[in-house]
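> One-letter residues, chain by chain:
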Amino acid sequence: MAELTYRQAVATGIAQEMARDPNVVLIGEDIGAAGGVFKLTEGLLDKFGPERVRDTPISEQALVGAAMGAAMTGLRPVAELMFSDFFAVAWDMVANQIAKTRYMTDGQVSLPLVLRTANGAGLRFGAQHSQSVENWAMAIPGLKVVAPSTPADVVGLMAAAIRDPDPVVFCEHKALFAVKGEVPDGEHLVPLGEAAIVRSGTDCTIVALAAMVPRAIDAADRLAADHGISAEVIDLRTLVPLDAAAILASVTKTSRLFTVEENPRLCGWGAEIVSLVADEAFYSLDAPLVRITTPHIPLPSAAALEDLAVPSVDRIADTVRRRLEQAR
Amino acid sequence: MAELTYRQAVATGIAQEMARDPNVVLIGEDIGAAGGVFKLTEGLLDKFGPERVRDTPISEQALVGAAMGAAMTGLRPVAELMFSDFFAVAWDMVANQIAKTRYMTDGQVSLPLVLRTANGAGLRFGAQHSQSVENWAMAIPGLKVVAPSTPADVVGLMAAAIRDPDPVVFCEHKALFAVKGEVPDGEHLVPLGEAAIVRSGTDCTIVALAAMVPRAIDAADRLAADHGISAEVIDLRTLVPLDAAAILASVTKTSRLFTVEENPRLCGWGAEIVSLVADEAFYSLDAPLVRITTPHIPLPSAAALEDLAVPSVDRIADTVRRRLEQAR
Amino acid sequence: MTTKVPDISREVQLRMYQTMVDCRTFEVRAQELFFEGLVRGTTHLGIGQEAVAAGVAAAMRADDYTFCTYRGHNHTLARGVPMAPVFAELFGRATGLLGGKGGSMHLTSVQHGAMGSYAIVGAHLPIALGAAWSAQYRKSGQVAVCFFGDGTTNIGAFHEALNMAAVWKAPVVFVCENNQYMEYTPIRDVTAVEHPAADRASAYGLESIIVDGNDVEAVHLVARTAVDRARSGGGPSLIEAVTYRHGGHSRADPGKYRPDEEVAAWKARDPVPAYRTHLLAAGITEAVLDSLEAVARDAVAAAEAEARAAPEPAGEVLETQLWANGGSAWRN
Amino acid sequence: MTTKVPDISREVQLRMYQTMVDCRTFEVRAQELFFEGLVRGTTHLGIGQEAVAAGVAAAMRADDYTFCTYRGHNHTLARGVPMAPVFAELFGRATGLLGGKGGSMHLTSVQHGAMGSYAIVGAHLPIALGAAWSAQYRKSGQVAVCFFGDGTTNIGAFHEALNMAAVWKAPVVFVCENNQYMEYTPIRDVTAVEHPAADRASAYGLESIIVDGNDVEAVHLVARTAVDRARSGGGPSLIEAVTYRHGGHSRADPGKYRPDEEVAAWKARDPVPAYRTHLLAAGITEAVLDSLEAVARDAVAAAEAEARAAPEPAGEVLETQLWANGGSAWRN
Ligand SMILES: Cc1ncc(C[n+]2csc(CCOP(=O)(O)OP(=O)(O)O)c2C)c(N)n1
Ligand SMILES: Cc1ncc(C[n+]2csc(CCOP(=O)(O)OP(=O)(O)O)c2C)c(N)n1
Ligand SMILES: [Mg+2]
Ligand SMILES: [Mg+2]
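Protein chains in written order, with my numbering: chain A, 1 to 328; chain B, 329 to 656; chain C, 657 to 988; chain D, 989 to 1320.
There could be a bad hint or two in this list.
Said to hold, decoys possible - Straight-line alpha carbon distances no greater than 30 angstroms define the calculated DSBU-like cross-link-like pairs of lysine-lysine that follow: (1) K1157(D) with K912(C); (2) K912(C) with K508(B); (3) K47(A) with K1244(D); (4) K367(B) with K912(C).
What the hints assert, rightly or not - Output of the computed footprint for chain C on chain A, the stretches with three or more beta carbons under 8 angstroms from beta carbons of chain C: (5) 12 to 19; (6) 62 to 69; (7) 93 to 105; (8) 108 to 117; (9) 183 to 189.
Treat the hints as calculated values from the structure; they're not laboratory data. All residues carry an ideal CB built from backbone N, CA and C; glycine is no exception.
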């Protein structure tokens, strides 16, 4: 067991796979000598050389498109979009080309590639550098979507994403970069599509993702301590494939569901979870299904406002308590 | 009352507003002399001249960006994206610039513009020319989203969209272009944010949009005729602003909700409707909330497959009947 | 028409002519079948532009990559893809090249190096660059060739791909088929320079190359030079082949936005009969050329019959092949 | 340094110097306050590049439009935007230019013609073109000026905007501040030509214009010509101003990826002291220049004090101003 930061875990996971498979190559802006603007790829250029760690111009369409072309011809590219907001600049490549080509060609083309990106709020960067776009990717058939909340999962899911034969959008959360955690020694792999029950409980199920996971756990602890409410917390870890079984099993047990989403409200991933539960677990429910999300607004830059926008431990705990009381 | 096709209604609605306000200008590819690839802007160049109807290069980022720059400096541009799939090419302009600028500037900048687009399946054009992307737009704070199902609504909502002080994504459905309908004489205006109860019923609520509306109505008629099921059908008409009141009122009456969505399943607009109802109308529900959607796949081009992918009258009727029976 | 250049072998000349008549015969029939309603959805024909696909293909190695557009019948057939599955795909049949999932705009046959037809303008330039980068990394000696139109030179992806390809010295050849129109709008009305591709080459440190796109041998020679340069590590090229489509942009478009004299003048320069004349002058007999045309006619007829006989796709395939495991499940 | 050009009036010279010292004094302090933790989030400084913003602004009419980037303090202040709300925005205060909603990267003051700072590379080039198109349509005689960096010339939006602006003869002036680095990567490593903007001008039928971006009068003269051309219907220009940022790309970046000698050489060409020397040689007295510097120091100090005293934004504003009705409701 080594203790790593979430930041270090990114390079560790990538390095593990680059050492294992010479077809894994890295491409992105300022990822080489500079080691990335968030130092997420630090050391990889020295370790693997300029042939495998390629700096690009500021050309997201070209770099994502190039990753696709390389993936369909034998490589396993890992492309970095410096900020997840920049997916918008390359969205045609992602949503119309990468996601659809295998299906359109009836399986002739395989696209084993990873699109890594710094996702989420917390650094006061404002509306164009703080979005959570996992729901953009979830809405596109043909994309797998991963968003780890711990250093161990960063390493294990990165390995799984790089080995996966399909395109994976890998969201690295800015607010978690400095978080430390234990990472198993030796090769570490966490399969895509398995949620983690990070806290078990009986009164309600709280489903969270990425930076919302530690907040949901803190809120659950507070609910237990202050109000005797026993909340089960599920870290989805991957949105596609979705561990529907884990969610349904938990809700069947607790009869109550809350989602905690950093994305703005409308068409967020939690809406999909709610619609799944409202259909398949309807008869075991005994209270409204409640979503706790960022309001449907762009993210403000001022610290005072950004902290108010994204679901906080207070808001999660208060909402759960209030809604459970109302449901009594 | 004049009878127009949905196709004619587009140009009629635009012409009504161009005649009314000299600041309304049109921009897009092949919209001038050619009248658009779907002949949606036919006659407008002759009527209003090349200064107001501008052909552009194949440069979606430039044309959408130009619409934004013009809107922030006094014009009311109506920009055409020939196929809604092409939103992906200009997504940064739409999702990061147009949608966010008013909020980021604390209201200094107003963006009265309309982004018109040919949306949806039915023409066997395949995965890159058949998508329903209304949920992409709905997921972005700062965009209003309109998708009419009748010629009259095309005219009335087009007028409202062009007069609206905020950015509006206006989805014109390819499969409806040839559909005829009565359009009131004189100036016609349908306010954004008002759903239409297009068929009233008591046993369940079916919420639909655009091309799914006529199918939902046919299914409802068949359910009544063959199974004595009384289904209420709501045509949402606009996703943002959403007529939540109309949906909640209907479900409170019928206790059962079905959504009929052309978008692929995950994070579709119906998920948002379900999450709204599952929270705010939970106690009046007595059956699972059911979404009828295109499977989570890209759209195939073969007629046999495309017809199978998009919700059909058969699938809607069968699903509603089956799920209501199960719920007995 | 250039006079016959000695270093194009007989064999290559005949192959190029065969390709041109194959493409022409196929597309003429495809259009008839569109009007019959057998070809569904849309179709974009390259009738009049065959010399570009044929001349370039003859300069490629079997394992090289082709990337083309929705107007890609010619480029796909030129790589040796059989006609029957192409017709079947246009008909939306189970035996289609893409099982009926892709359609006319997305023809792909990886085993023939036909790496796809892309229907969103500009997208495939970066993708082709990526295939070239991959070949460079794998030291496979493969070259990627990317075909696109004049209108495509005004979209962002063109600019990004050309710059990155030049910086990386990627083995990719960009071939702009300047047929002088985007859909219905003349390219000159929307472009700041006269030659949409060639006048931009210097912006990427590349040589300006313009070739008569109706002269298959001229195209072939230019392509050979560019492909050899790419293969030998000399980096990318940007070729502008000036040509013309005889018909409209797609489907039932009559192309009426073009002056009759302009259309007539270009039809008079039809590359197929022109090359026939050229080959006759070069000493190839009527009999030989007739036989090649017969081969094309028979191939098209047989392919059509086979495709007509094919069944519609079974419903079960609707949700297959989204993922590499063959399925499309998003949940457990 | 060019020798003083007679037709730049004293008044303009002093205004440009005032702008330069205002910007320099403001940004030096802003960086100190970032390290103090008072400036939150991020900040991108233009220290060393002031001559471009100042020289161009002095060539603009009050109702002209400026579009700039996240590195936009200078361009925004140069339009006459007061410093206190800018500081307050950097601090995330209620009195911020954007009420605390936008931050350093999005400074905007419509009333001053500062039409926004854009944080996604390339996006504002098409937007500036749109403002120019609007001015053209309204026959207002306004000109739009768009500032961006060398790295921005490799993104698609640059290409699309330049071509469309040229075709439409839009009254827009594109100013590329070539500070020779994107973030941490030298522009030459990722660009196929030596001059990322000027070597692309011909791809849009535009003249290649390169100017010493550290020479405010040279910048001003080039800008005046370009702005006048745009205003008189002559269409767009693309200006490449070669300059250098003294500090890192953003926040705490020390800029260590740049050779010390290179940094030293450019600091020796610091545009602010250079222009002071030039103005003294041109006969303006120490006393006058000292007073302008004093004005800048006092303005910055006063603005900082005012911003420090401002409250944090009230929670109520979080959900305001998404829509023109002042709110952000998505439902009834
Ligand atoms: C991004 C994008 N914009 C618009 C279209 C619609 N469209 C399809 S083909 C075409 C014209 C392309 O012109 P050109 O590049 O010259 O190719 P050609 O059709 O002449 O072969 C257009 C505008 C598209 N497919 N993709
Ligand atoms: C589309 C996009 N890609 C990447 C970034 C991250 N980024 C911010 S500034 C920058 C460098 C821009 O370089 P240049 O255009 O030379 O401007 P400079 O910062 O030197 O003023 C990059 C890559 C971005 N903001 N937008
Ligand atoms: Mg063309
Ligand atoms: Mg720079």
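> Where does the structure disagree with the numbered hints, that is, which hint numbers, in rising order?
5, 9
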